[in-house]
Amino acid sequence: MIRRPPRSTLSSSSAASDVYKRQHLRIDSWHLEDKLEAGLTSSVQVEAVPAAVNDSDFSPYKTGLAPNHVAMVRWSTDDKFFGFSGLTAAVAQLNGVHCPEFLQSQSDQPAHQMAVTMQNLKALLTMHQLHSSSVVYCRLYIADMSHFGLVNAEYCKCFGVNPPSRLCVAMPLPDGILVELECFGVRGGSTPVQTLHVQSISRWAPTCIGPYSQATGLHHDQDRVLHMAGQIGQYPPTMSLIGPSLRQQAEQCIANIDAITRVELPSDNQIQVSQSGSVLFLSTTVFVVPRSQGQSLETVGQVVQQLLGPRAVGSVLTILVPALPRDSMCEVAVCAAKNVQVHSATQNSECCFSSTEAFSRACGDGVQDFESTLEAAFESLEGCEGEFSRDQVASLRVYVAPTDQAHKHQWSQLSNQQQQICTLGLVWANRTVELVVELHAIKF
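Note that our numbering gives residue 1110 to position 103 of the sequence shown, counting from 1, and the numbers run on in steps of one.
Read the hints as simulated data drawn from the structure, not as lab findings.
Beta carbons: idealized from backbone N, C-alpha and C, even for Gly.
Be aware that one or more of the hints could be misleading.
Per label pair, the in silico range of CB-to-CB distance [stated by the list, open to error]:
1. D1151 x D1411: 42 to 50 Å
2. D1086 x V1168: 37 to 45 Å
3. M1134 x P1251: 41 to 49 Å
4. R1298 x D1411: 18 to 26 Å
5. G1103 x Q1375: 18 to 26 Å
All chains, please: the whole structure from these sequences, using the hints.
Printed below as a string of structure tokens:
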């Protein structure tokens, strides 16, 4: 039992002591409990081979899973930064070439598919002489959010004490695919990496509800970029969702983001775009569910843009998805830094950048616009004053929102050449679009 004075704050982050007054605790007694038996998710696990995987389940495809699912690997030219995408239990190819190191499963169980997916991640890391600690950020897409607990239990077996930050949303995945993973990371020693892993109830930031860190920071000289886990509208002291309205939950998401940036990127309280050293957002993405639409999807993006004010340097990307963790109405994911600038190449493209990282986005209205939209994103990246090149792109995402069955078929034909993230709706730069290409470039 731990006694603490009134109004004290317990946190796993030593950085929090710079913001909140240090308190002295007196321990009267203590004991150990198995978190899994207690019904909680353990966030501290040693790396291990998932027990749920059975060798007899790995065989050529028969039914259910797409036989040509392809994973992609991108490397920066200096070999320091990498991006993996399209990792599933059905992946057989790597950058279009058959990869014998990958395992394939015929199982329709979400836990088993997650276990195989993590084994494929581990194989990919080993292939490139990397370790799970090299991963900085993960995006986990789940076909059915009711599988969240089962998937989480397998996911946590891959990472250790300071897991990467994570975004988790439900997405319409290819037939038979229940989970899909993408991540980016750094080769060990390339740059200092610092994580904020909140494991106790606090008054300043929500505890992690899964095996992830709230934020992971990359350092280089005076520049530091903070990649934050997706935030839902949970009130930290109680970990319950705030209010019934989308605006209330969005306000809490942003309050949680502000609390994390105050600790990890200390700055003045008054944030202005022109102010040197202010905390700004390189990238802002809002995920919302259909039932939150008492207003148009465009309005949802505008609400978040207004709440963020000048901190969101570029346009907010709003994505309609089937479901979110804890049945929340919205989830906000940002990448924060200081001294962020924006370069708008055209009305359909822009690039937000610091001295070391950049996010370039471009939009289009259909399959026929794909090649030009992709090129517009690259041109916006290369045209910014940050002097980034397409060879420094670690992550490339293609978000699509087919407007009808014919368009869905057209996008499925293109999926053989280019991986896509299928959504229920997209709004960028205050207008509804069918396609958004997003590039994430890093240079140290």
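Which hints, by number, does the structure contradict?
Failing hints, ascending: 1, 2.
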